[in-house]
Amino acid sequence: MLKEIHITNYVLIERLDIAFNGGFSVLTGETGAGKSIILGALGLLLGGRADTKAIRQGTVRCTIEGHFSITGYGLESFFKDNDLDFIPDDTILRRELTDAGKSRAFINDTPVSLTQLKELGSHLIDIHSQHQNLALGTQSFQLDTVDAIAANKSILEQYHADWKEWTAMTGQLEELKKQAANDSTDLEYIRYQLDGIQSAGLQDGEQEELEQESEILEHAEDIKQDLFRTYGLMEGESGGAIQEIKDALQSLRSASRNFPQATELAQRTESCLIELRDIASTVDTLQESVNFDPARQDAVNERLDLIYSLEKKHRKDSIAQLLQYADELKKRLDNVESYDDVIRRLTEESTKAMRAMEKSAAKLSDTRKKAAAVIERQVSSLLVPLGIPNVRFCIELQPSATYVKSGHDSVRFMFSANKSVPMQDIAGVASGGEIARVMLTIKSLVAGARMLPTIIFDEIDTGVSGAVAEQMAMLMRQMSAADRQVLAITHLPQIAALGHTHYKVFKTDDDGQTRTSIRELACDNERIREIAAMMSGATLTDAALENAKTLIENGR
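Every letter in the sequence shown is one number past the one before it in my numbering, and letter 52, counting from 1, is 52.
Note that these hints are calculated values from the structure, not bench results. Here the structure is a predicted model, which is why all the values come from computation and not from measurement. Just so you know, even glycine gets a beta-carbon here, dropped at the ideal spot from N, CA and C. Among the hints, a few may not be true.
[To be verified] Pairs of lysine to aspartate or glutamate, EDC-like flavour, derived with a Cα cap of 16 angstroms:
#1 LYS224 - ASP293
#2 LYS246 - GLU218
#3 LYS178 - ASP340
#4 LYS118 - ASP81
[Claimed, not checked] Estimated spans, in silico, between C-beta atoms of each pair:
#5 GLN203 - ALA401: 54 to 64 angstroms
#6 ASP51 - VAL374: 37 to 47 angstroms
#7 GLU275 - LEU333: 54 to 64 angstroms
#8 ARG104 - GLN132: 24 to 34 angstroms
#9 GLN321 - SER184: 18 to 28 angstroms
#10 ALA401 - THR508: 56 to 66 angstroms
Using the sequences and the hints, build the whole thing.
Now the structure itself:
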């Protein structure tokens, strides 16, 4: 349960520290006193959307911190899975928001993501506000209610796994059929493309070699002349560089007889002479091999034109890419031939998955039918003392048009408050006060099924008064009996009088600043005066005070 909350610099709250008790508590205060502000702070603490406008004017940071007792609610696995300290007697949630738009969340002083904060918060507090009454008429809320009472989480998870597998297989099968149809239509074109590449007999690296050969053939005469001249300069008939180096070597050898330092120079010169002779020989061989060959040049250019044409046609940059594309085309052709077998196999697997899903859906529907009967009985019995003596309430469960994530059931809450009026969809026939009472009865059933530690009702008493309000308060007290904390924000004295604990929310204006505060009304006299003011306004009459005293005594 929520043990205490500390709020700093949130909207009109400068600083608020309040401890909460177990059981049934009520929060009262004039309209505009700030009850919704406190609820907004709680919503932020539980992972709600952050807005810098919520920061108190003139400050740079707001902080909301809540202390919870979570012993016995089976939340150990959450803390273990998220690597968080488990402190059941004093679990601390904290949310910080700065005027720069930065939001930080903590669980037991460990930074966490907003998703983690929301997940834990959903197990700690359920805040029911007035606008949520409209959810009563929605398919999702009605189905969630039935599932909560059915306690069918494991069955629902199994169905969802089966449904997910079936939808995945169905999608894969449809995609394969579509691909098969497209490939069959394009079969001849695919073969034409593949034949064009394969008939070219392409070899990886061939293009670079041909481009180099084409360059040589195009400049063959110039190359041959340059090589011939090079050879002549090195070793021509009339002498050349090699002959001169031979003469220099002979001179160095002669000098070395009397000058030892010339020996090393002679050896180095001899090495150069050997290298130059080898170069000259290679140049001579190359110049003999280079010849202008118009026929070969035409053949090379023709081959290159074919390669360039294929690359342009298929939007590729190299022979390697063309060969890779040819492999892809071949695989597509192979796939076309094997499509029938693959489609047959996938169809069988999809059918098997569908049968498993149908079986899970049937189990899920059975649990919902049993739960629907329980809800019908209990809601009807609870609504009679809430001022609807002729109530008729039933849950229609019908097979839906298709299988969806939530199952194969379509649900409708049917309602009538009068004997002469046939039951209709509750969203279209129930008044605001009737919807509030139905919602309260459903919340009481769901709270018991889901073991929520804390439930907060924000003016769920809209549209009711008198004895009905008192019965609603009694139901909320009963909800708080099973080690559950129930807080009700109310404007009705009949509900306020039945709270085990009474808190008053009020505003003060000091130094030109408006502040929202809250305090527990610890003595009977304070409670009597507050409840009397709810009945008679600012002027407390003796009758109002006496009525307030009677309401409190009757509540006890």
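Hint-by-hint comparison with the structure:
Note on LYS224 and ASP293: the hinted pairing holds, with a Cα-Cα distance of about 13 angstroms set against a maximum of 16 angstroms. At most 16 angstroms may separate the alpha-carbon atoms for a hinted pair to count; LYS246 and GLU218 exceed this at roughly 38 angstroms. The straight-line distance between the Cα atoms of LYS178 and ASP340 is roughly 12 angstroms, inside the 16 angstroms bound, and the hint therefore holds. For the proposed pair LYS118 and ASP81, the alpha carbon gap of about 15 angstroms is at most 16 angstroms, so the pair holds.
For GLN203 and ALA401, the hinted distance range of 54 to 64 angstroms is satisfied, since their beta carbons lie about 60 angstroms from each other. Checked against the hint of 37 to 47 angstroms, the C-beta distance between ASP51 and VAL374 comes to roughly 41 angstroms, which is consistent with it. Against the hinted window of 54 to 64 angstroms, the Cβ-Cβ separation of GLU275 and LEU333 comes to about 58 angstroms, which satisfies the hint. Taken as a hint, the range 24 to 34 angstroms holds for the pair ARG104 and GLN132, whose Cβ atoms sit roughly 28 angstroms apart.
The hinted range of 18 to 28 angstroms is satisfied by GLN321 and SER184, whose Cβ atoms lie roughly 26 angstroms apart. The hinted range of 56 to 66 angstroms is satisfied by ALA401 and THR508, whose Cβ atoms lie roughly 58 angstroms apart.
Of the numbered hints given earlier, the model fails hint 2 alone.
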